[in-house]
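> Listed here are the chains, written in short residue letters.
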Amino acid sequence: MQSLIEKAFLIPFQRLADQFSAILPGLVTVLVVLVVGGAVAFLARRITEKLLQLLRFDRMMMETELGSMVARSGMFRAPSDFAARLLQGVLWVLIILIALEAAATEMTHNLVVRFVNYVPDLITALLVLLLGSLVAKFLARSALLAAVNAQWWGARLVAGAVRVLVLSLTVVVALEQLRIGRTALLVAFAILFAGVVIALAIAFGLAGREMAREWLGARTRPGDKREEEEVFRHL
Amino acid sequence: MEAFLPAELESRLKEVGEADIIAGIPSYNNARTIGHVVRAVAAGLAKYFPERRSILVNSDGASKDGTPEVVLKAEVDTDSLFLVAHPVRPVQRLSTPYHGIPGKGSAFRTIFEVARRLNAKACLVVDSDLRSITPQWVDLLVRPVLERNIDFVAPYYLRHKYDGTITNGIIYPLTRALFGKSVRQPIGGDFGFSGRLAAHYLTKDVWETDVARFGIDIWMTVTAMGDGFHIGQSYLGAKLHDAKDPGADLTAMFRQVVGSLFSLMGSYQAVWKEPKAPEAVPMFGFPFDVGVEPITVDVNRMIRAYALGVRDLDEVYRAFLSPETRESLSAWAKVEGETFRIPDVLWVHLIYEYAAAHHQKKMDRDHLMQSLVPLYLGRTASFVLEVRESNALQVEERIEQLCRVFVEEKPYLLAHWSGAPPEKAEKAEKVEKEESRAIAD
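These protein sequences, in sequence, are chains G and S.
For the first sequence, this note's numbering assigns the number 1 to the initial residue and increments by one for each residue that follows.
For the second sequence, this note's numbering assigns the number 1001 to the initial residue and increments by one for each residue that follows.
No lab work stands behind these hints: they were computed from the structure.
Note that the coordinates shown come from a computational prediction; the quantities given were computed from them, not determined experimentally.
Glycine included, C-beta positions come from ideal geometry on N, C-alpha and C.
Keep in mind that a hint or two might mislead.
Unchecked claim - Below, a sample of chain G positions facing chain S; criterion: calculated Cβ distance under 8 Å:
no.	residue
1	138
2	148
3	151
4	235
Claimed, not checked - Straight line, CA to CA, 25 Å or less: simulated DSS-like cross-link-like pairs of lysine-lysine:
no.	chain 1	residue 1	chain 2	residue 2
5	S	1204	S	1121
6	S	1361	G	137
7	S	1410	S	1181
8	S	1361	S	1410
9	G	137	S	1362
10	S	1273	S	1204
To be verified - Away from chain S, derived, C-beta distances all over 12 Å, residues of chain G:
no.	residue
11	43
12	44
13	73
14	109
15	180
Take these sequences, add in the hints, and give me the full structure.
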C-alpha cells in the first residue's frame, strides 16, 4: 500500500519538485531579464524622444516623405515618437531573444538560432519593400506625367495600375525572400498578372478598337506631329 | 583641358595657325538648308570683313543626309561680292564631326575650341536651318564685337505675336528680372561673341549636362550676363527657319531650356540676389518692319490640357506648390472659353515656386519640368486669348507688363528660394510648438 502511494503521489510530486527547482533559476532569470529589459527599453524610448525633440528632428522630418507618411498614419504623435517607439521595438526583440537564451532549454535555444538565421532574410525583405515602394512611386509618377502630357483622360488610372503592379511584384519578391508560401504565391501572382493583361488586351481590342486605331494611326502617319509643330513654335 | 577635337581637325588647325573670325554652324541632317546658310555666311564674311582672316566651321552631329558634303561644295557668288576695293582673303571651310553628347551644345563646344586654338577675336554662330539669313547678319553679329568692345551679341528678331511663347512667357522676363538686362531673345540661337568669351565658356564644366544638348543658348546668354561680360543685341529682321525640328517635344524643351535656366539660377544666385537696376542693352542694326508667317493656335485644346493637368497632377503639385497657388490654378481650371485666364501674378508666382522647387530638389527634376507643361499650355492659351486683337506693338507692351510683374514679385522668389513653402512652414511651426511644449513637460 505504502509502495502504491509512493508510486502514485510521492514520486511524481518529487519529480515535479525536482523539475521545478531545476527550471526555477532560469525562470527567475527570464523574468528579471524581461522586467529589467522592459524598463531599459522604456527609458531608452523616453530619452531618445526627448533627445530627438531637442535636436529639432521633427521639423527636419516634416520636409521628407517619411515624415509626411508618419503624420498621415495617425498612429504616432510625431516622427520623434515613431523613431523612439521603433527603437523600443528593436530593444524588445533583443530582450526576448536574451530571455529565451537565458531559459537555457533546447527548445528556446533552437528558437533563438532559427530567429537569428532568419534575420538577414528579414532585413533583405524589408529593403526590397522599401526600394520597391520608392520605385513604384517614381514609376507611377513618370507614367502619370507622361499620360497627362499626352492628354489621356485615364492618366490617374494608368499611374495607379503601374503602382499596383510594381508594389505587387515587390511584395511577391519580399515574401519569396521570407520563404512564405513560395509556390502558391508565385502561381497566384502569375495567374493574377496574366489575367489582368488578358483582360486589358480584350478590353482595349474590343471596347477601344476605334481608339486603338486612331492612336496607332496618329503615331504611324508621317506628318501629323510635324503639322502641330509647324503651326506653333514655343522657343 | 581635355582633348576632344578629332585628329584630322587638329592637324587642319595647325595648318591654319591663326584667324580673326570664326563662323560656326552646328548641323544635324540639314542638307536641304545648310547650303543657303553657308553661302550667306561666306558672303557676309567676304563682303563685310574682306581684310580679316575668317574660318567657317561646320560642326556636324553625324548627319546621314550628306550635310558635310553640302557644306564643302557650297559655292559663293563671288562676282557680285568682290566689287569692294579691299584685299579679299578667301574664307576657309572646315566641316568636322563633334565628340560628346549628341546635341547643339556639343557642336558649339567644338566651335569654341576652334576659336581658342586659332586665337580668334570674334565668333558668330547661326542655326543651319535658317531661311531668312542674309550676309548682313554676319556684319550685325560680328562688328559690335570687333569695333564696340561687346563680348556677347544676342539677336533681336521680329516674330509673330504667338511665336516663341517660352521666350516671351518665361525666359525673357525671368532673365531680365534676375540680371536687370533686357535681352529680348536670350535663346535666339544666332549669336556673336568675342574670342575671350569663347575661351571663358570652355572653362565651364557643363558638357555632360543638358547644356550639351539644347540648353546651350540660354547657358551662353546667362553665363555672359552672370559673369559680367559686355552685352549687346542686333536687329536681324525676321527669323524664318525650317519647320522640321527633330525630337523637339515640349517636355524635352522644358527640361533642356527652362531646366537649364533654373540650374543656372543656382549657379548665379550670388549675382541675381543682389538688387539690380534695369540696365539698357545697346542695340545695333536698323529696325525695320517685315511680314511674318501667320500662325494658327488651337486654344481650346490647350485649355483642355491645362484643366486635365490641374485635375490629375494635384498630388504632384502638392509636393512643392503653395496652397494659394494651387487654389488659384484649380479655380481657373473650371473656366472655359474666352474668359479663361492665367493672371500675370499667378504665373509669376508659379514660375518662382518652380524655380525654388528645382533649386531645393523637391522632386526629380525631370518630373518637375514635365509637370510644368500643362500649366504652360494654360498660360499660352490665356496669352493668345488676351492678345488676339492686338497688334505687334501692343503685344510687346503686354510682354513688358509681364516683365514688370516678374521684377515686382522678385521678393516672392527670394522668400521661396531657400525657405520652406508656406504649408510646410506652418506644419513645421506647429511641430516646433509641440516640441517645446513636450520639452517643458
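> Minimum Cβ distance from residue 235/G to chain S below 8 Å?
holds (6 Å)
> Evaluate the condition: distance from the CB of residue 73/G to the nearest CB of chain S exceeds 12 Å.
The assertion about residue 73/G holds, with a minimum of 15 Å to chain S.
> Given the hint that residue 1410/S pairs with residue 1181/S, test it: the Cα-Cα distance must not exceed 25 Å.
The hint holds at about 15 Å.
> Between the alpha carbons of residue 1361/S and residue 1410/S, is the straight-line distance 25 Å or under?
holds (20 Å)
> Using 8 Å as the Cβ threshold, decide whether residue 138/G counts as touching chain S.
Hint holds; residue 138/G Cβ to chain S Cβ min 7 Å, cut 8 Å.
> Keeping to a limit of 25 Å between CA atoms, is the pair of residue 137/G and residue 1362/S held or broken?
Status holds; Cα separation ~15 Å.
> Just to be careful: measuring from the Cβ of residue 148/G to every Cβ in chain S, is the smallest value less than 8 Å?
Cβ of residue 148/G sits 5 Å from chain S, so the hint holds.
> Does residue 180/G sit more than 12 Å from chain S, CB to CB?
holds (32 Å)
> Please verify whether residue 1361/S and residue 137/G have alpha carbons no more than 25 Å apart.
holds (16 Å)
> Holds or violated: residue 1273/S with residue 1204/S, Cα cutoff 25 Å?
The hint holds at about 22 Å.
> Are all C-beta atoms of chain S more than 12 Å from that of residue 44/G?
Non-interface label on residue 44/G holds, nearest chain S Cβ at 17 Å vs cutoff 12 Å.
> Does the structure keep residue 1204/S and residue 1121/S at a Cα separation of 25 Å or less?
At roughly 20 Å apart (the allowed maximum being 25 Å), residue 1121/S and residue 1204/S satisfy the hint.
Checked against the numbered hints given earlier, this structure breaks none of them.
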